[in-house]
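Enquirer: Line order of the protein sequences matches chains A and E.
The numbers in the numbering used here rise by one with no breaks, and the one at position 10 of the first sequence is 10.
The numbers in the numbering used here rise by one with no breaks, and the one at position 202 of the second sequence is 1202.
No lab work stands behind these hints: they were computed from the structure.
Note that the structure is a prediction, hence the values are computed from the model and not measured.
A couple of the hints might just be wrong.
[Said to hold, decoys possible] If we take Cβ atoms under 7 Å as the criterion, some of the chain E residues that face chain A in the derived model are:
| no. | residue |
| --- | --- |
| 1 | Val1046 |
| 2 | Glu1225 |
| 3 | Leu1226 |
| 4 | Gly1227 |
| 5 | Arg1239 |
| 6 | Tyr1241 |
| 7 | Ala1250 |
[To be verified] Okay, the calculated beta carbon distance ranges per label pair:
| no. | chain 1 | residue 1 | chain 2 | residue 2 | range |
| --- | --- | --- | --- | --- | --- |
| 8 | A | Pro117 | E | Leu1110 | 55 to 61 Å |
| 9 | E | Gly1094 | A | Arg283 | 49 to 55 Å |
| 10 | A | Val349 | E | Gly1083 | 56 to 62 Å |
| 11 | E | Arg1275 | A | Asp357 | 47 to 53 Å |
| 12 | E | Pro1055 | A | Asp357 | 29 to 35 Å |
| 13 | A | Val349 | E | Val1113 | 55 to 61 Å |
We treat Cβ as the ideally placed atom computed from N, Cα and C, and that holds for glycine.
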Amino acid sequence: MNRILAWCVLLSVVLIGCAGPSSEERGVYGLTLAPSGIDPHVNASSELGIPLTSVYDTLVYLDPETGEFVPGLAERWDISSDGLVHTFYLRRGVTFHDGTPFNAEAVRFNLARITSPDLASQKARFMLGPYERVHVVDEYTVQIYLSEPFAPFLDTLSQVYLGMASPAAVEQWGDEYQLHQVGSGPFVFAEYVPGDHILLRRNPDYAWGPTVYRHETAQLEEIEFRFFTDPATRSPALETGEVDVMGEIPPQDAARLKSNPDFRIEPVPIPGASLMIFMNTERPPLDDVRVRQALLYATDRQAIVSTVFRESSPVAHGPLAAVTLGYEPAVEEFYPFDVERAMALLAEVGWSDTDGDGVRDREGQPLALDLYLMGWGHMPEVGQWLISQWAELGIAVNSQVVSYPEALEVAAQGKHHLIPFNLSGSDPDILRQFFHSQAEFNWSKIADLEMDTWLETAARTLERADRVELYSRVQLRVMDGALVIPIRDYVNLNGVSNRVQGLGFDAQGWFPWLIDVTLSE
Amino acid sequence: MIKWYKPRRRPLLRQPVVLVALGWLVLVGGAALLAPWLALGDPVVVSAERVLLSPKADFLLGTDMLGRDVLARLVWGGRWTLGMGLVGLGLAVGLGLPVGLVSGTVGGWLDVVLMRMVDGMLAFPGLLLAMATIAVLGRSIISVAVAVGLAAAPAYARVARSATREVRAQPYVDAARAIGSTEGHVMVRHVLPNVTAPLLAFAATQLGWILLNGAALNFLGLGVELGTPEWGAMLADGRGYLRDGPWASAFPGLALTLTVLAVNLLADGVQEATRPR
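Please construct the entire structure, taking both the sequences and the accompanying hints into account.
Expert: As structure tokens, this is what we get:
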């Protein structure tokens, strides 16, 4: 009897195992960070959007091919002539994964949640810019009022951070909502074990995808996301078949994977700010523009790109990556690698090695700069390169690797000479986060009132050509004033198993459209 | 109890294993000391032209991901790693020995207070204690040396105390007291010389721990500045390039392993040489 029972248990285990999705229907996706929070309305991590872009729908979508906005949960929209009122006419028949109907009230609920001070939103609230209020006109019409025109507004609404969540689920779960997220997208948020994995399951009822999606419903039954925070583990996980797609493969591993017929590298250039080193213009000796220019001339960016990045990403010349809307190519004329010129500039300011210790000095003070680096994005390698290269010119660098919160603190107190950073974003308004005198990331400590005006005006200007003209001026001013040392444009090297087809990315370059992904044996 | 094996006492320099270990330590230490005068490549200059070259005539141990000579970095790195180890050991002994001696000699409430403090510190894993120290002191190689030294000190105090108590129970100490020696005199003249042997052996064991954990802290980026050739930091730098240039991290790893092994073998040897007859 016991033996029969044991066989039954064993058999049922096997049968349950068989009933799960086959390997053709189940994909595994490698993430590179384990974010501390993944509520898109609250948290800022770009990693959270990789799974969640497929859990939530947004009012509009940005077509990466045309650069135009296309309908999402909003069938169409009007913008008032003064640019202050956006009226959205919503799609009917959309339901969230928990059965809650999507309507104007749901939009109002979501915007009210994001803008509520209690939520302490780190990104979504900021992205809404001059948002004032939301007004429900009727069940399927909603108006959003701004206090002043805001050009990036549709871009904001197209991103997962403004994804529409089920009001019923948000009410039900409260502070624990991030573990039980409910959207209306092609995949259902099935399971999240922080630090371990996220599981998405196909939404069979999905029928309201935007035109940028090629399929009506998701092609895979399940997608599991696992975290690979150590870059050295990413390529092995792909090569052993543990994952099907892996983001941010280190360049040296990507170079090797390219020659493997079972895998391919899908490089996605990321728009936004390039990897650049902010120079603190308030702290001597970097308060002198000639010293900052000397550092720019003394930096062999091509060598860094070929060594650290293995030519996988282009040399950056200005504060914006070349694929960003409004990129000004004239920045490429600035600061070629020129050691002679760097040395001449330093000598002109009075920095020379009088005591023969290999480090330049002036009035008894050595030319020593404090460099703070975060441990990701190959910044430590870039830092080592610069330290060594600049040492030959008699510039000493004290380096320290810090965490992101430490970097924020250091930068806020202005204790740094140099901090590298990069940030992605599809709208050039991202420049306002770095070079406006009141900006959150004003790590160059620049207070240029004219540039402030350009940035503010550009954010209010709806005419694209006029905006681009203003951003062009900002980029030239940034390089003219030698506020940053641009290093490279960010390119996400996705390692993809050849059994994966149909992997496409949104206009941010970070977020995959998983609905179209298929797997073969 | 049956003793199957009666350990023999053998002079240090008669033990072949010790000679080999000493040979390695002299080689590594000597190279580190003489680094500026050896005909080596530059340990910090980067070069785009010679990234991850495999070991060959020009670069005996190859080059790392930024084109730096691994051999030169290894030799110069010995200065940081071994220097950090010696400073840490000095601190561990300098703090642990007096505390243990006094605690074992004075006894009473002082012994209780000191040993409870030591127990408190021993309750934390050594590496955690070291990381907490660095959190207070800030990141630098000095902090690492101080941190591992502090973390090793309580164990040293414990061993010093028990050795002291053991010696103090000997008849000759009673005899010294009987002829009127003061406690201080007993401590310096009778206890200290007789605890040297076990404490020396334990110090050598601890040096191994200090080297390993100091390198671990540097590996974690809590110690030396970026680009400084230090074995732990070199291991960390090369770790992402294991497939394309294993030599960049294998050689510092090997150097560290062999050095710690040599130090531990030396500790065994000291123990064997000083074993009571």
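Enquirer: Give a verdict on every hint.
Expert: So, going through the hints one by one against the coordinates:
| no. | hint | in the structure |
| --- | --- | --- |
| 1 | Val1046 | holds, 4 Å |
| 2 | Glu1225 | holds, 5 Å |
| 3 | Leu1226 | holds, 4 Å |
| 4 | Gly1227 | holds, 4 Å |
| 5 | Arg1239 | holds, 5 Å |
| 6 | Tyr1241 | holds, 6 Å |
| 7 | Ala1250 | violated, 14 Å |
| 8 | A/Pro117 - E/Leu1110: 55 to 61 Å | holds, 57 Å |
| 9 | E/Gly1094 - A/Arg283: 49 to 55 Å | violated, 39 Å |
| 10 | A/Val349 - E/Gly1083: 56 to 62 Å | violated, 36 Å |
| 11 | E/Arg1275 - A/Asp357: 47 to 53 Å | holds, 52 Å |
| 12 | E/Pro1055 - A/Asp357: 29 to 35 Å | holds, 34 Å |
| 13 | A/Val349 - E/Val1113: 55 to 61 Å | holds, 60 Å |
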